[in-house]
Amino acid sequence: MIVENDGIADTLELRRGSTLARGEVMGEICHHLSPFQVGEKPIAGDTVIAKDLTIDSLAIMDMVMELEDRFDVSIPMNVVAEIHTVDQLADTILKLHARR
Amino acid sequence: MGLFDRHAGLLEAYRDVRTTGYDPFQIRMERVLSPTEAIINGRKTLLVGTNNYFGLTFDSSCMEAAIEAIRAEGTGTTGSRIANGSYNEHVALEQEIAEFYGKKHCMVFTTGYQANLGIISTLAGEGDQLLIDADSHASIYDACKMTQAEVVRFKHNDPSSLEARLRRLGDRPGNRVVVLEGIYSMLGDTAPLREFVDVCKKYNAYVLIDEAHSLGALGETGRGLCESTGVIDDCHFIVGTFSKTLGAIGGYCVSDDPDFDILRVTVRSYMFTASLPPSIVASVRQALKVVKARPELRKQLWDNVATLYDGLAAQGFKLGPEHGPVVGVHLPDRMVAIGFWRAMLDAGIYVNVAVPPATPNGVSLLRCSVCAVHTPEQLQHMVEVMTGIGRQLGVIDDRTRRVVGGAR
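Taken in order, these protein sequences are the chains called A and B. So the first sequence is numbered by numbering that gives the first Met the number 0: it starts at 0 and just counts up by one. So the second sequence is numbered by numbering that gives the first Met the number 0: it starts at 0 and just counts up by one.
Don't read these hints as lab results, they were simulated from the structure. Possibly wrong hints are sitting among the right ones.
[What the hints assert, rightly or not] 35 Å max Cα-Cα, derived DSBU-like pairs, lysine-lysine:
| hint | chain 1 | residue 1 | chain 2 | residue 2 |
| --- | --- | --- | --- | --- |
| 1 | B | K154 | B | K43 |
| 2 | A | K40 | A | K94 |
| 3 | B | K43 | B | K288 |
| 4 | B | K144 | B | K201 |
| 5 | A | K94 | B | K154 |
| 6 | B | K317 | B | K103 |
| 7 | B | K200 | B | K288 |
| 8 | B | K144 | A | K50 |
| 9 | B | K291 | A | K40 |
| 10 | A | K94 | B | K103 |
| 11 | B | K154 | B | K201 |
| 12 | B | K200 | B | K154 |
| 13 | B | K317 | B | K298 |
| 14 | A | K94 | B | K200 |
| 15 | A | K40 | A | K50 |
| 16 | A | K50 | B | K154 |
| 17 | B | K43 | B | K103 |
| 18 | B | K43 | A | K40 |
| 19 | B | K291 | B | K43 |
| 20 | B | K154 | B | K144 |
| 21 | B | K43 | B | K144 |
| 22 | B | K201 | A | K94 |
| 23 | B | K288 | A | K50 |
| 24 | B | K200 | B | K43 |
| 25 | A | K94 | A | K50 |
| 26 | B | K298 | B | K144 |
| 27 | B | K103 | B | K154 |
[Stated by the list, open to error] Derived list of chain B stretches under chain A, where covered just means 3 residues or more per stretch with a C-beta under 8 Å from a C-beta of chain A:
| hint | region |
| --- | --- |
| 28 | 159-170 |
| 29 | 206-217 |
[To be verified] Covered stretches of chain A, going by a simulated chain B footprint (3 or more residues, C-beta under 8 Å):
| hint | region |
| --- | --- |
| 30 | 48-58 |
| 31 | 73-84 |
For glycine and all other residues, C-beta sits at the position ideal for the given N, C-alpha and C.
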């Protein structure tokens, strides 16, 4: 079901000609998170933002505001609360962007 | 996992704070002498961190009103307005605050925190959108946890950031409620309210403003930022507190909305807590009279703000962006802030220390709140003490003093 929905969203996006590349979103997130990296361990899709990095909850919310403006989407606070990994954050942005 | 394990990080930080010898979050005022002085650790201490902007906690007319009310009506109401009923004085206080703002309706709450918590979480419900400033007070954030509405933060004091978020909502159904504060409690900065109101009008959003720190301080008659910026009529809901300028405790919300009174049977923080005791209601009513009758207190407050703010700025301290009854002094990190705070207490001056996560952008601050009845000498002395400590701790240097001091 999820796959099917994603397919529809992708098609709609292509029709509108405003597809947002996942790589671009991931790159932007990693850019914001890099100051909070621990040791040499790279930031990846499965990185748990609040646990694997040194970022605190307020800084996460501030980063979300930056990402919102970069990709012109709004991510409600209750949605942010359910996001744990970098992948989940990227997926949320892509999904909201597709719905615009 | 134990019940307290999730607080391990906080416990460690708190332990760090306490190694300085005093616990800034459990200071004991052995005796409060006046709005500006108390005995702390056996020593007479200057109070510059109590939000007592007009110094009315010891105003004789307010104290007498409270004493008389206790004799007439007892010490407490022992229940909520909806269960035990309202006293005449509750109703009179609400009428007086509504009249003060020129609004039709007012509800008073037992604390300012409860006013924000209850009003904000109830006004915006399922399907609505609540838009809050990123630097909002904890009571606003807590309301956001309780509401069924969708909550989005916008950048602090940035009307264009709010506008982007309202624009993105497009033609989605739901009421938009925008929450702002007159003066922000950590850095003492004011909201660009007129610009915010313009954006809200454009997108048909309701405006709620919390004037907790600006009541008395701003506006020709002390009604706050909504008055000084000339937008009272455009603020649909104005919230405030009795615990700062009015020198007691309690909160209020005023509005012109014809259905406002329905909140009396929907706002849980109003319905399920005991109402304000007669003595508080009486002193607040009197304090409001004093605010109206003595505008010179506002002038004294701002003169004192200038003495402290300009004095510290001239010595090279990094401060909040503008003059305000709250003067926030930036310090490099948590431990310097704690050390500075303790050194000031040793020198007989009490201010607040504010460290992450209670502060915006992870800053560490000494938070000073100025009182109309501070004397210029008290504040000049404070600048001298802070300059000495600041130099010892390497927060400011002598060069700054020479360059900036030369201009004074």
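Hint by hint, here is what the structure shows:
Restraint check: the Cα-Cα separation between K154 (chain B) and K43 (chain B) comes to about 42 Å, which exceeds 35 Å; the hinted pair is violated. For the given pair, K40 (chain A) sits about 28 Å from K94 (chain A) by alpha-carbon distance, which is consistent with the 35 Å threshold. The straight-line distance between the Cα atoms of K43 (chain B) and K288 (chain B) is roughly 31 Å, inside the 35 Å bound, and the hint therefore holds. For the proposed pair K144 (chain B) and K201 (chain B), the alpha carbon gap of about 27 Å is at most 35 Å, so the pair holds.
A hinted pair counts as satisfied when its Cα atoms are at most 35 Å apart, and K94 (chain A) with K154 (chain B) qualifies at roughly 23 Å. With a C-alpha separation of about 43 Å, the suggested pairing of K317 (chain B) with K103 (chain B) is violated against the 35 Å cut-off. As the CA atoms of K200 (chain B) and K288 (chain B) are separated by approximately 33 Å, the hinted pair is consistent with the 35 Å bound. At roughly 22 Å between alpha-carbon atoms, K144 (chain B) and K50 (chain A) fall within 35 Å of each other, so this suggested pair holds.
Among the hinted pairs, K291 (chain B) with K40 (chain A) is inconsistent with the structure: their alpha-carbon atoms are about 62 Å apart, more than 35 Å. About 45 Å separates the Cα atoms of K94 (chain A) and K103 (chain B), which puts this hinted pair outside 35 Å; it is violated. Restraint check for K154 (chain B) and K201 (chain B): satisfied, since their Cα atoms lie roughly 19 Å apart, inside the 35 Å limit. Taking the CA atoms of K200 (chain B) and K154 (chain B), the gap is near 19 Å; set against the 35 Å cutoff, the hint holds.
A hinted pair counts as satisfied when its Cα atoms are at most 35 Å apart, and K317 (chain B) with K298 (chain B) qualifies at roughly 25 Å. Among the hinted pairs, K94 (chain A) with K200 (chain B) is consistent with the structure: their alpha-carbon atoms are about 30 Å apart, no more than 35 Å. Restraint check: the Cα-Cα separation between K40 (chain A) and K50 (chain A) comes to about 13 Å, which is no more than 35 Å; the hinted pair holds. Only pairs whose Cα atoms come within 35 Å are accepted, and K50 (chain A) paired with K154 (chain B) is accepted, the gap being roughly 25 Å.
Restraint check for K43 (chain B) and K103 (chain B): not satisfied, since their Cα atoms lie roughly 46 Å apart, outside the 35 Å limit. Between K43 (chain B) and K40 (chain A) the CA atoms are separated by roughly 54 Å; this puts the pair beyond 35 Å, and the hint is violated. About 32 Å separates the Cα atoms of K291 (chain B) and K43 (chain B), which keeps this hinted pair within 35 Å; it holds. Proposed proximity of K154 (chain B) and K144 (chain B) is supported: the alpha carbons are some 19 Å apart, at most 35 Å.
A distance of roughly 42 Å separates the Cα atoms of K43 (chain B) and K144 (chain B); the hinted pair therefore is violated under the 35 Å criterion. Taking the CA atoms of K201 (chain B) and K94 (chain A), the gap is about 28 Å. The hint holds against a cut of 35 Å. Restraint check for K288 (chain B) and K50 (chain A): the C-alpha separation of about 53 Å exceeds 35 Å, so the hint is violated. For a cut-off of 35 Å, the pair hint linking K200 (chain B) to K43 (chain B) is broken: about 51 Å separates their Cα positions.
For the hint pairing K94 (chain A) with K50 (chain A), the CA-to-CA distance comes to about 24 Å; that is within 35 Å, so the pair holds. Distance restraint check for K298 (chain B) and K144 (chain B): the Cα-Cα separation of roughly 39 Å exceeds the 35 Å cut-off, and the hinted pair is therefore not satisfied. For the given pair, K103 (chain B) sits about 32 Å from K154 (chain B) by alpha-carbon distance, which is consistent with the 35 Å threshold. Counting residues of the region 159-170 of chain B whose CB lies closer than 8 Å to any CB of chain A gives 5, which reaches the minimum of 3, so the coverage claim holds.
Counting residues of the region 206-217 of chain B whose beta carbon lies closer than 8 Å to any beta carbon of chain A gives 0, which falls below the threshold of three, so the coverage claim is violated. For the region 48-58 of chain A, the assignment as covered by chain B holds, since 4 residues bring a beta-carbon within under 8 Å of that chain's beta-carbons and 3 suffice. Only residues whose beta carbon comes within less than 8 Å of a beta carbon in chain B count, and the region 73-84 of chain A has 5; three or more means the coverage holds.
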